[in-house]
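Protein chains: 2
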Amino acid sequence: MSDTQGIQLPALDEIVSQLAEYVSLPSISRSAGIDIMQETAEWLARRLAFAGGRVEPTEGFPVVRAEWTAGPDAPVVLVYGHYDVQPTGRLDEWATPPFDLVADVRAGEEVLLGRGISDDKGPVLLVVRLAEALLAQVGALPLTVKFLIEGEEEIGSPHLAAYVAEHQMDLSCDLVISADGAQWRPGEPSLSVASKGLVSMDVVVRGADSDLHSGRFGGTVANPARALSVLLAGLHDESGRVNVAGFYDGVDDPSPERRVEIGHVRFDEDDYAAGLGVPCVYGEAGFSTLERLWERPTLEITGITSGGKYSVIPHIATAHLSARLVGQQDPDLVAAAVERHLREHPLAGVTTEVIVDAARVPAYRIDAEHPAIRAASVALNHVYRGENVLLAVIAGTLPASTLFEQALGAKTLFFSFSTSDENLHAPNEFLRLNRIHEGMRAWERLWCLLADGPHRLERNPRRLGHP
Amino acid sequence: MSDTQGIQLPALDEIVSQLAEYVSLPSISRSAGIDIMQETAEWLARRLAFAGGRVEPTEGFPVVRAEWTAGPDAPVVLVYGHYDVQPTGRLDEWATPPFDLVADVRAGEEVLLGRGISDDKGPVLLVVRLAEALLAQVGALPLTVKFLIEGEEEIGSPHLAAYVAEHQMDLSCDLVISADGAQWRPGEPSLSVASKGLVSMDVVVRGADSDLHSGRFGGTVANPARALSVLLAGLHDESGRVNVAGFYDGVDDPSPERRVEIGHVRFDEDDYAAGLGVPCVYGEAGFSTLERLWERPTLEITGITSGGKYSVIPHIATAHLSARLVGQQDPDLVAAAVERHLREHPLAGVTTEVIVDAARVPAYRIDAEHPAIRAASVALNHVYRGENVLLAVIAGTLPASTLFEQALGAKTLFFSFSTSDENLHAPNEFLRLNRIHEGMRAWERLWCLLADGPHRLERNPRRLGHP
Numbered sequence: 018m019s020d021t022q023g024i025q026l027p028a029l030d031e032i033v034s035q036l037a038e039y040v041s042l043p044s045i046s047r048s049a050g051i052d053i054m055q056e057t058a059e060w061l062a063r064r065l066a067f068a069g070g071r072v073e074p075t076e077g078f079p080v081v082r083a084e085w086t087a088g089p090d091a092p093v094v095l096v097y098g099h100y101d102v103q104p105t106g107r108l109d110e111w112a113t114p115p116f117d118l119v120a121d122v123r124a125g126e127e128v129l130l131g132r133g134i135s136d137d138k139g140p141v142l143l144v145v146r147l148a149e150a151l152l153a154q155v156g157a158l159p160l161t162v163k164f165l166i167e168g169e170e171e172i173g174s175p176h177l178a179a180y181v182a183e184h185q186m187d188l189s190c191d192l193v194i195s196a197d198g199a200q201w202r203p204g205e206p207s208l209s210v211a212s213k214g215l216v217s218m219d220v221v222v223r224g225a226d227s228d229l230h231s232g233r234f235g236g237t238v239a240n241p242a243r244a245l246s247v248l249l250a251g252l253h254d255e256s257g258r259v260n261v262a263g264f265y266d267g268v269d270d271p272s273p274e275r276r277v278e279i280g281h282v283r284f285d286e287d288d289y290a291a292g293l294g295v296p297c298v299y300g301e302a303g304f305s306t307l308e309r310l311w312e313r314p315t316l317e318i319t320g321i322t323s324g325g326k327y328s329v330i331p332h333i334a335t336a337h338l339s340a341r342l343v344g345q346q347d348p349d350l351v352a353a354a355v356e357r358h359l360r361e362h363p364l365a366g367v368t369t370e371v372i373v374d375a376a377r378v379p380a381y382r383i384d385a386e387h388p389a390i391r392a393a394s395v396a397l398n399h400v401y402r403g404e405n406v407l408l409a410v411i412a413g414t415l416p417a418s419t420l421f422e423q424a425l426g427a428k429t430l431f432f433s434f435s436t437s438d439e440n441l442h443a444p445n446e447f448l449r450l451n452r453i454h455e456g457m458r459a460w461e462r463l464w465c466l467l468a469d470g471p472h473r474l475e476r477n478p479r480r481l482g483h484p
Numbered sequence: 018m019s020d021t022q023g024i025q026l027p028a029l030d031e032i033v034s035q036l037a038e039y040v041s042l043p044s045i046s047r048s049a050g051i052d053i054m055q056e057t058a059e060w061l062a063r064r065l066a067f068a069g070g071r072v073e074p075t076e077g078f079p080v081v082r083a084e085w086t087a088g089p090d091a092p093v094v095l096v097y098g099h100y101d102v103q104p105t106g107r108l109d110e111w112a113t114p115p116f117d118l119v120a121d122v123r124a125g126e127e128v129l130l131g132r133g134i135s136d137d138k139g140p141v142l143l144v145v146r147l148a149e150a151l152l153a154q155v156g157a158l159p160l161t162v163k164f165l166i167e168g169e170e171e172i173g174s175p176h177l178a179a180y181v182a183e184h185q186m187d188l189s190c191d192l193v194i195s196a197d198g199a200q201w202r203p204g205e206p207s208l209s210v211a212s213k214g215l216v217s218m219d220v221v222v223r224g225a226d227s228d229l230h231s232g233r234f235g236g237t238v239a240n241p242a243r244a245l246s247v248l249l250a251g252l253h254d255e256s257g258r259v260n261v262a263g264f265y266d267g268v269d270d271p272s273p274e275r276r277v278e279i280g281h282v283r284f285d286e287d288d289y290a291a292g293l294g295v296p297c298v299y300g301e302a303g304f305s306t307l308e309r310l311w312e313r314p315t316l317e318i319t320g321i322t323s324g325g326k327y328s329v330i331p332h333i334a335t336a337h338l339s340a341r342l343v344g345q346q347d348p349d350l351v352a353a354a355v356e357r358h359l360r361e362h363p364l365a366g367v368t369t370e371v372i373v374d375a376a377r378v379p380a381y382r383i384d385a386e387h388p389a390i391r392a393a394s395v396a397l398n399h400v401y402r403g404e405n406v407l408l409a410v411i412a413g414t415l416p417a418s419t420l421f422e423q424a425l426g427a428k429t430l431f432f433s434f435s436t437s438d439e440n441l442h443a444p445n446e447f448l449r450l451n452r453i454h455e456g457m458r459a460w461e462r463l464w465c466l467l468a469d470g471p472h473r474l475e476r477n478p479r480r481l482g483h484p
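From first to last, the protein sequence lines stand for chains A and B.
Start counting the first sequence at 18; every next residue gets the next number (the working numbering).
Start counting the second sequence at 18; every next residue gets the next number (the working numbering).
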């Protein structure tokens, strides 16, 4: 089967106009009310009507479910994605209204601009439309496909675990295929063999009972904003390596083979820096930029809040820290290491408290030799005409993959057709137009490969039903 | 003249009910519209009707003016104060509604609670009421008294200089007496012989063009929030001494005599710390807490803003710094020293900008032997029955005193009856009830002393009019 031998794909214009409807629903899970989330879920469920699409309640925002069942011997895949989107951030940083889907040309490429188009509305809709087209033209899918599209991914999927546990039988499968989890770059087909874990926390430094006049009390008491700065400055060494004892427990240096492999990735540090608007790349000494991104854990200060532009000694200063984890790092132990570090470096005149956030996700990995990775490589190779498939890492965190492994015993293959340079979570999020048809072709090929032949999925011993 | 020999003072209840009206006008110069500021000014002008009280426009909020002219040979004093107040800050930190004047008992003392009651509505109204009572009962004031009550003190008096320059003739005087500028503590009458100068600035650290996903970009670029923390942590040594070359230029150590004098001030560090809710006092090594407060300059971080509690590498981090100056420190040179320090400690991967605020105020000093200080000491001694009068420093900044010295050639005597422990600029601002009558008695005595006898004010050679 080659690019021209598959089914007839729906016209791009028609898909884009449907995507415009989908993007116009501002399903920001961090701030939207239930009404708009329900409306978005129902919109998506209608697109899945060919497979019994429906909205099911959870303790939080609802999920969209659907399934098309092939014969009893067919492998079973669960397609995962999400219909919620990130907040817009500052509107004045958007070139176009975030919930209007706008076609544009950027750096010579046709793109669609809008919040959620890349993460994850575009990548979800293209597999939905592919399944619909396959059924319409072929009358069947090559394997059993279940859909589970959630509405809380951008807030850490707080109710997904309970929902999956309650519907273990219905959701059981041989493989999860995630339409979320961007590929590395458009020029180079890639598969992610890992995603980073996450643990985050607030560091709160307190001084006096209330803000103090910076003149009338200046020089007499410790300033929590200064104390917090000292604490934060001590978390890393000059190169950005984390300076917290125990932080790197469970982290192995990349193997010589992996370093060679990463060294061969086309990556221009100057272009990368220029694209982001920074004077240069920066980070932990001894590793290349891509090695740091893919193989090394980080501890980022994501925010600091204290006082303001008025003449006080603030009574409180708060920082939020977010650690991305790799390898065998234990989120609880990492949080404990940061707490211990701060406790062992106390500052006079203030008190310091660390409040660790509830969500704690270990790093996720799928073996590079896993049959799904091999099948996906073939599928990408097919669409991208022999380009070598890069084994990359999602430096973000996808807690659902850990959850599916624990609850369903199934590994997750990341198979999204967004790429990580498309302003995910930032203003001016975009998706490259040609990725829509490319993605549909790749899904079509992948399903065929997993259904039959040398790459046929093996039955997950923990799969329930269809005994 | 003793405490019982002066005029009959208006009943406290009646003054308090008038103060309740005054406090109910929320004249927050940082945020209020012109209407409420005008209304407040008019309210105060009506209280000054006995001396031609009126509201006069400036380029910003209006001033309140009034004057009562004694004979051509009488000394002339200009009473300065302000009718604007600080923002309330967080309402949930107030025990009572900030614009309702509430009588209460705190630590055994009767107090009035409300925004502006101590800074500066109470101290202004008491001298207004004293002048009114003197005129009603004696038919004259002992000297010529001019009133200038502004509406922009809490935002740095941005339009006062232009107004004073335009009205130099009308405002000229032998001495400015400020009803603003709190005394040290209620138990101990005090006069301030200095106030600290001020220069403030923003430090802005920029990284990428927009916030970046903390996973998908973590480890590849410098984090502006971390870079700012490193910069801020480097501004002081461990004890809180400013670590910026040139910062202390123009600062002399307090003389041995001054250190002995300060050492005799009743001051319990543990009580002070407990009162503020801090574990201990803190500051520059080699100086006592009161020496640091009165004799040493400070560089406080008054605020930090960057990112938030979401998973980004912030693209910008901003701190606001406020330096309080003493002695001969030059505000421009201090700002330049901080800029140079940051420039000489550059951080990779980010850019740093320092934006110095327009308001730059050198420290102010009046000689301890100035006739006004001696007269004020006698007046306080009279009311407080022989208590030793402490020569203190206003660790805050009163730019008007520098302005009056330059524009009118007149020194400023600080003669307020608030004290610096009354939560000025903070929630639950209060004024001690007994200070109202004490203050009125002290003003009465002070005016008499300055008008005649050994403490009679000398004519200011730069005074205009009444040749």
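These are calculated hints, taken from the structure and not from any lab test.
Be a bit skeptical, because a hint or two may be false.
Copies of the same chain look alike in the list, so a pair counts if it works inside one copy or between any two.
In silico DMTMM-like pairs for lysine to aspartate or glutamate, Cα to Cα no more than 20 Å straight-line [claimed, not checked]:
hint: 1; residue 1: K163; residue 2: D187
hint: 2; residue 1: K163; residue 2: E422
hint: 3; residue 1: K163; residue 2: D90
hint: 4; residue 1: K428; residue 2: D219
hint: 5; residue 1: K428; residue 2: E404
hint: 6; residue 1: K163; residue 2: E59
hint: 7; residue 1: K428; residue 2: D285
hint: 8; residue 1: K163; residue 2: D349
hint: 9; residue 1: K326; residue 2: E356
hint: 10; residue 1: K163; residue 2: E205
hint: 11; residue 1: K163; residue 2: D109
hint: 12; residue 1: K163; residue 2: D52
hint: 13; residue 1: K163; residue 2: D270
hint: 14; residue 1: K428; residue 2: E73
hint: 15; residue 1: K326; residue 2: D219
hint: 16; residue 1: K428; residue 2: D30
hint: 17; residue 1: K326; residue 2: D121
A quick look at each hint next to the structure:
1. Taking identical chains as interchangeable, the C-alpha atoms of K163 and D187 lie at most 20 Å apart only when both belong to the same chain, with a minimum of 9 Å there against 87 Å between chains.
2. Only within a single protomer do K163 and E422 lie at most 20 Å apart by alpha-carbon distance; the minimum there is 16 Å, versus 82 Å between protomers.
3. Within a single copy, K163 and D90 get their C-alpha atoms as close as 15 Å, which meets the 20 Å cut-off; across copies the closest is 100 Å, which misses it.
4. In this assembly of identical chains, K428 and D219 lie within 20 Å of each other by CA distance neither inside one copy nor across copies; the values are 32 Å within and 50 Å between.
5. In the homo-oligomer, the alpha carbons of K428 and E404 never lie at most 20 Å apart, since the shortest distance is 25 Å inside one protomer and 82 Å across protomers.
6. For the identical chains of this complex, K163 and E59 are intra-copy neighbours only, at 17 Å inside a copy versus 74 Å across copies, given an alpha-carbon limit of 20 Å.
7. In the homo-oligomer, the alpha carbons of K428 and D285 never lie at most 20 Å apart, since the shortest distance is 33 Å inside one protomer and 66 Å across protomers.
8. Neither within a single protomer nor between protomers do K163 and D349 lie at most 20 Å apart by alpha-carbon distance, with minima of 33 Å and 69 Å respectively.
9. For the homomeric pair K326 and E356, the shortest alpha-carbon distance between copies (18 Å) is at most 20 Å, but the shortest distance inside one copy (30 Å) is not.
10. Taking identical chains as interchangeable, the C-alpha atoms of K163 and E205 are never at most 20 Å apart, the minima being 29 Å within one chain and 80 Å between chains.
11. Neither within a single protomer nor between protomers do K163 and D109 lie at most 20 Å apart by alpha-carbon distance, with minima of 40 Å and 50 Å respectively.
12. Neither within a single protomer nor between protomers do K163 and D52 lie at most 20 Å apart by alpha-carbon distance, with minima of 25 Å and 64 Å respectively.
13. Taking the shortest alpha-carbon separations for K163 and D270, neither the intra-copy value of 38 Å nor the inter-copy value of 78 Å comes in at or below 20 Å.
14. In the homo-oligomer, the alpha carbons of K428 and E73 never lie at most 20 Å apart, since the shortest distance is 24 Å inside one protomer and 77 Å across protomers.
15. In this assembly of identical chains, the alpha carbons of K326 and D219 lie at most 20 Å apart only when taken from different copies (8 Å versus 22 Å within one copy).
16. For the homomeric pair K428 and D30, neither the shortest alpha-carbon distance inside one copy (35 Å) nor that between copies (79 Å) is at most 20 Å.
17. When the C-alpha separation of K326 and D121 is checked against a cutoff of 20 Å, the pair qualifies neither within a copy, at 40 Å, nor between copies, at 32 Å.
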